[in-house]
Amino acid sequence: MRVPVAWLRSYCDPGLSASQIADVLTMSGIKVERLHRVGVGDPAAFVVGRVLEAERHPNADRLSVCRVDDGGEQPRTIVCGAPNVAGGQMVAVARPGAVMPDGTHLGEPKLRGVRSSGMILAEDELGVGEDHTGILVLEDDGLAPGTPLAEALPIADEVIEIEITPNRPDAMGVYGVARDVHAVTGTPLVEDPTAPDPEPAGADRAEEHAHVEIADPEICLRFTARVFEDVKVGPSPAWLKQRLMAAGQRPISNVVDITNYVMLISAQPLHAFDLDQVRGSRIVVRRAHEGEALTTLDGVERRLSSEVALVCDAEGPSGIAGVMGGQVSEVSAKTTRVLMEAATWVGPNIMRTSRGLGLRTEASARFEKGLHPELAMAGQRLATRLMIDLCGARLVPGTLDAYPKPVGRRRVGLRLGRIGALVGEAVPEDEVHTVLERLGFEVAHGGTGQLEAVVPPSRDGDVQREADLIEEVARIHGLDRLPATLPARRRAVGRMGPAQRLRRRLEDALRDRGASEVVAYSFTSPSALERLGVDPAEALAIRNPLSEEGSVMRPLLLPGLLEALGHNAAHGRPGLALFESAHVYAAVTGDEEGDGSDPVRAAEEAPAGARPARESHHLAALLTEAVPPTWRAQARVADFYAAKGLVEALLVIAGIEWRIEPGARPFLHPGRAATVRGAADGRELGWIGELHPLVERAWEVPPAAAFELDADAIAELAPARGHDGYRDLTSFPAVVQDVAVVVDEDLSAARVEAAVRAGAGELLRSIRIFDLYRGEQLGAGRKSLALRLEFRAPDRTLTDAEVAERRSEIEGALAEIGGGLRA
Amino acid sequence: MAEPSAKRRLEELGSEAEAAVVAAGAVSELEDVRVRYLGRRAELTATLRSIRDLPAEERGAVGKAANAVRMRLEEMIAARGAALEAAELEHRLEQDRLDVTLPGDPPFSTGHLHLVSAIRRELEDVFVGLGFAVLEGPEVEYEYYNFTALNHPPSHPARLPQDTFYLSDRVLLRTHTSPMQVRAMEAGEPPIYVVVPGRVYRPDTPDATHVPMFHQLEGLAIDEDITLADLRGVLLEFARAVFGASREVRLRPGYFPFTEPSVEVDVSCFVCDGTGAAGSERCPTCKGEAWIEILGAGMVDPNVLGYVADSGYDPERVQGFAFGMGIERIAMLKYGIPDLRMLWENDVRLLEQFGA
Ligand SMILES: [Zn+2]
Numbered sequence: 001m002r003v004p005v006a007w008l009r010s011y012c013d014p015g016l017s018a019s020q021i022a023d024v025l026t027m028s029g030i031k032v033e034r035l036h037r038v039g040v041g042d043p044a045a046f047v048v049g050r051v052l053e054a055e056r057h058p059n060a061d062r063l064s065v066c067r068v069d070d071g072g073e074q075p076r077t078i079v080c081g082a083p084n085v086a087g088g089q090m091v092a093v094a095r096p097g098a099v100m101p102d103g104t105h106l107g108e109p110k111l112r113g114v115r116s117s118g119m120i121l122a123e124d125e126l127g128v129g130e131d132h133t134g135i136l137v138l139e140d141d142g143l144a145p146g147t148p149l150a151e152a153l154p155i156a157d158e159v160i161e162i163e164i165t166p167n168r169p170d171a172m173g174v175y176g177v178a179r180d181v182h183a184v185t186g187t188p189l190v191e192d193p194t195a196p197d198p199e200p201a202g203a204d205r206a207e208e209h210a211h212v213e214i215a216d217p218e219i220c221l222r223f224t225a226r227v228f229e230d231v232k233v234g235p236s237p238a239w240l241k242q243r244l245m246a247a248g249q250r251p252i253s254n255v256v257d258i259t260n261y262v263m264l265i266s267a268q269p270l271h272a273f274d275l276d277q278v279r280g281s282r283i284v285v286r287r288a289h290e291g292e293a294l295t296t297l298d299g300v301e302r303r304l305s306s307e308v309a310l311v312c313d314a315e316g317p318s319g320i321a322g323v324m325g326g327q328v329s330e331v332s333a334k335t336t337r338v339l340m341e342a343a344t345w346v347g348p349n350i351m352r353t354s355r356g357l358g359l360r361t362e363a364s365a366r367f368e369k370g371l372h373p374e375l376a377m378a379g380q381r382l383a384t385r386l387m388i389d390l391c392g393a394r395l396v397p398g399t400l401d402a403y404p405k406p407v408g409r410r411r412v413g414l415r416l417g418r419i420g421a422l423v424g425e426a427v428p429e430d431e432v433h434t435v436l437e438r439l440g441f442e443v444a445h446g447g448t449g450q451l452e453a454v455v456p457p458s459r460d461g462d463v464q465r466e467a468d469l470i471e472e473v474a475r476i477h478g479l480d481r482l483p484a485t486l487p488a489r490r491r492a493v494g495r496m497g498p499a500q501r502l503r504r505r506l507e508d509a510l511r512d513r514g515a516s517e518v519v520a521y522s523f524t525s526p527s528a529l530e531r532l533g534v535d536p537a538e539a540l541a542i543r544n545p546l547s548e549e550g551s552v553m554r555p556l557l558l559p560g561l562l563e564a565l566g567h568n569a570a571h572g573r574p575g576l577a578l579f580e581s582a583h584v585y586a587a588v589t590g591d592e593e594g595d596g597s598d599p600v601r602a603a604e605e606a607p608a609g610a611r612p613a614r615e616s617h618h619l620a621a622l623l624t625e626a627v628p629p630t631w632r633a634q635a636r637v638a639d640f641y642a643a644k645g646l647v648e649a650l651l652v653i654a655g656i657e658w659r660i661e662p663g664a665r666p667f668l669h670p671g672r673a674a675t676v677r678g679a680a681d682g683r684e685l686g687w688i689g690e691l692h693p694l695v696e697r698a699w700e701v702p703p704a705a706a707f708e709l710d711a712d713a714i715a716e717l718a719p720a721r722g723h724d725g726y727r728d729l730t731s732f733p734a735v736v737q738d739v740a741v742v743v744d745e746d747l748s749a750a751r752v753e754a755a756v757r758a759g760a761g762e763l764l765r766s767i768r769i770f771d772l773y774r775g776e777q778l779g780a781g782r783k784s785l786a787l788r789l790e791f792r793a794p795d796r797t798l799t800d801a802e803v804a805e806r807r808s809e810i811e812g813a814l815a816e817i818g819g820g821l822r823a
Numbered sequence: 001m002a003e004p005s006a007k008r009r010l011e012e013l014g015s016e017a018e019a020a021v022v023a024a025g026a027v028s029e030l031e032d033v034r035v036r037y038l039g040r041r042a043e044l045t046a047t048l049r050s051i052r053d054l055p056a057e058e059r060g061a062v063g064k065a066a067n068a069v070r071m072r073l074e075e076m077i078a079a080r081g082a083a084l085e086a087a088e089l090e091h092r093l094e095q096d097r098l099d100v101t102l103p104g105d106p107p108f109s110t111g112h113l114h115l116v117s118a119i120r121r122e123l124e125d126v127f128v129g130l131g132f133a134v135l136e137g138p139e140v141e142y143e144y145y146n147f148t149a150l151n152h153p154p155s156h157p158a159r160l161p162q163d164t165f166y167l168s169d170r171v172l173l174r175t176h177t178s179p180m181q182v183r184a185m186e187a188g189e190p191p192i193y194v195v196v197p198g199r200v201y202r203p204d205t206p207d208a209t210h211v212p213m214f215h216q217l218e219g220l221a222i223d224e225d226i227t228l229a230d231l232r233g234v235l236l237e238f239a240r241a242v243f244g245a246s247r248e249v250r251l252r253p254g255y256f257p258f259t260e261p262s263v264e265v266d267v268s269c270f271v272c273d274g275t276g277a278a279g280s281e282r283c284p285t286c287k288g289e290a291w292i293e294i295l296g297a298g299m300v301d302p303n304v305l306g307y308v309a310d311s312g313y314d315p316e317r318v319q320g321f322a323f324g325m326g327i328e329r330i331a332m333l334k335y336g337i338p339d340l341r342m343l344w345e346n347d348v349r350l351l352e353q354f355g356a
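Chains as they are written, first to last, in this note's numbering: chain A, 1 to 823; chain B, 1 to 356.
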């Protein structure tokens, strides 16, 4: 909302600059977005002038040479390029030496041979509007040539643009803003302009002229209307136009301008009807029928839902309540009888209507924050005075007032001690009284150390409890005056949990092995999952996605990594190692709580700690390059074993026992895919593999290897650090033996290892495969694995005989699987 | 007349051998010389061996002369050997010289954490130091935790599908990390000091300052006597740890449904040091304001505590503060990231700039 500073000062002028006032507002709870300076430099060089005559320029068809009376002794000669300039017009004149809004200094240039001694201005040249189609022609309402232009137009003002939080509808009126300035600075505040109520005239009654009725009290809390006769519709006086324009509103006619002006002061929107056009002289407030149509004042025909509140006359809708009037019964130049509406609509209903129609207006922006029904009459009172003063209208006695459930004023208690206890600094009792009274509360003592405050209607929505009153006191007292202290922290210890620490450790391990972390969207597209052979129907779907691209929650991290790889490959960086550490999502399964109809767990109002979906933290990586090319070695593309090497490193860090076995996934090369399991309980911890060639093609990425691990499951299996005690591995030396094992080609390394372990017995400390050989000497379909075995006994040095015995046991175990030791 | 001739022969032998030692140009040649003159089959060795065959009166003189020749030769060979070895080592070291400016092995540094992760960790560490535990929570969340128990009335606009992603009538993607306030309090009695980092979601069409997924860090402290001044103190420590030791924080009144009083927290600009000026121009970071809005906070609304009163959070007995900050906002401010969308593009040219 735009708050013209001159207007604000007319209610409360603390003698501060505009930027100081902006600071006061910011620090007391009304956030200032910007401070504009609108209009010209020194207003003295701008005056009202009258065009005496305008003749075609002798040397230019498009220019006029005008003689303009600007109040000086002699008329000025001004060359003007506007098509609409004509003799007799009242215009805005800049004298030579004027500083224009864009900062240029006006000289006395010769234009095609004629010296122009000043300038006739268009709206945009004055900074009061956007129009540049012609010069601004002023209304000839008694302005004399030479009158300072500042009296007719807001050519030089400062405007504070504020952002209104939902709890402060009062600040959507200039007087409400002035009240905050008053509360902080203590500068006197003029009487509320909505307070006095002018006397009506005549012996008739409003009820004889019109009738109002609320058919649905769910949508309208109060509907008031006053009847005015003898209304003379015409332009508003210059001062009113100036205020409206400075606040960003276009003047229309005195009656319409009055409704806007009252709203800009008090935050209560009003609507004026031409009473003669109100069919049946009857106003009924009801909900729209589903699909009912109405053409609003902006000329747009709108289809309405049954939630929309309508203001209707006897024959049909005349406006969308609280949002925008209709063209029926609009005030026109011919109007002489006005029905002035000030109603109270239900905030949430107005918000839904406004959002649903995509139509946010000055009125809806105020109603949606919730206005107190008492404000409707405040608006009527101020509008009445202006109707009488500016339109010569007669107020018909009586107010039509449909008010089904009158609302009283709220009373809230405050224990003074609670202020200091909550904010950390006590505020003296008399300051508390002063602050609340300046904010418009009526304050009474409520017993020892307590008070009771009657909440002004404009603040009713925001101040309902003790904590709310404390906020009022604190914000005016000054939050920034509070000391900075630290909590006592009884019993609380700051730390990360074991799972969080482990996750960091694993991420660091990947980072330190050359992988870079990505962050990808948690949602993906069904087609992305299809390209991985994953059924999108099993993923959690978003009902209102921004687009198909982000319409399902990803059940695995791989799609984000593939997208990142695709992006970087397309930008000339195909050799990469990327990882992500983030949640994946799945519906709760049948054996978990939930109802079958809903993909996510259904819940009663309070879920008592339940989680609506299955989420786990995954750690995944995608690699195209295991070793980058160097000046002395070839690059090594990432293959299955490169990915497996990283997985093994991570599992060693986690300190858990695992096994890796063949395990196909639709998106992996079927012969180069494995499942990772916990050794103890066989629990699945993730997968490793090379991308399926069809996936590479579908995603347009280079060949790559990947893995994805369930970090939550790993953290659950990971033993607490320091769990094992010291073991003596140095007192007795180990014996190292290399053996070459020849087996059938399709016998897995794991089987060989298991046989060797079985034969080696307890003395075997470690086993490492260090070579794989295939060759003619071995015969077709045979391979040789070289293993380095380390034997150790905890209590003695092993003898050659002991080791030889183990070796022959190993030979026996290998024989059982068709293998043998090579000499 | 064996004696003079033997002595003469020894002298000849000595000078011949000396010449050979001097002529030896390599350790291996010197070894040949040694074998030739001092080896078992060498003439000098034979001479020494045959001394005992000489008449007794000759033995002394010849023996002495022969030994003198041998000792001299040995000394010369040792000295020459040391010199040759030193020269050869010198030569080999010279041959071994490398171009030390070629890249090391492996020629790449480590990988990188994502900037957002790096900042998240930094924040976690700061708050752990201030006595907060780190919690995480579900991103797919009940409307109850995301809105209802956070004192959002049923009609609150944030609940509308324009502002929230829904999975079903009651289930949504959390729009902030605040639901964990309620979950944390449900799960444990006061006192409680926690921070909650994590992903949050809002259906904003992506532009330079909006993305539908971003990260927040929530803070919650509930105890018997936590005050707004404590909030200020904690956030002052945070601001100084993250933005520099000379930072100040400023509390302004604000509005959030789940805190009362609510505050907006500004930190003094770390680019212009809170002056608002950059030379003769306005500071571009704080736009001349000298302060930068950094987060929202407040005292936990009694209505929120009311939802967890059964877990020991009687609003008449305990109170506390909550705050929430956007991690990306800190990234944009601190590192000058110009466009939020870049953060999720995962271009390695950006990723490799941070988090090593
Ligand atoms: Zn700055």
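Hints may be right or wrong, so weigh each one.
Taking CB as the label site, the calculated pair distances span [to be verified]:
1) A187/B <-> I252/A: 23 to 33 Å
2) G291/A <-> H210/B: 30 to 40 Å
3) E248/B <-> P109/A: 51 to 61 Å
To give a feel for the contact side, a few chain B residues facing chain A, derived at Cβ under 10 Å [stated by the list, open to error]:
4) T47
5) A56
6) E58
7) P161
8) Y166
9) G233
10) G254
FYI, nobody ran anything at the bench for these hints, they're computed from the structure. Every residue, glycine too, gets a C-beta built ideally from N, C-alpha and C.
We went through each hint and held it up to the structure:
1. A187/B <-> I252/A: 23 to 33 Å: Because 59 Å falls outside the window, the suggested range is violated.
2. G291/A <-> H210/B: 30 to 40 Å: Cβ of G291/A to Cβ of H210/B: about 34 Å, so the range 30 to 40 Å holds.
3. E248/B <-> P109/A: 51 to 61 Å: holds (52 Å)
4. T47: For T47/B, the interface hint is violated, since the closest Cβ of chain A sits about 53 Å away, which is over 10 Å.
5. A56: Violated. Min distance 60 Å.
6. E58: violated (61 Å)
7. P161: holds (4 Å)
8. Y166: holds (5 Å)
9. G233: Since the shortest Cβ distance to chain A is 4 Å, the answer is holds.
10. G254: holds (7 Å)
Checked against the numbered hints given earlier, this structure breaks hints 1, 4, 5, 6; the rest are met.
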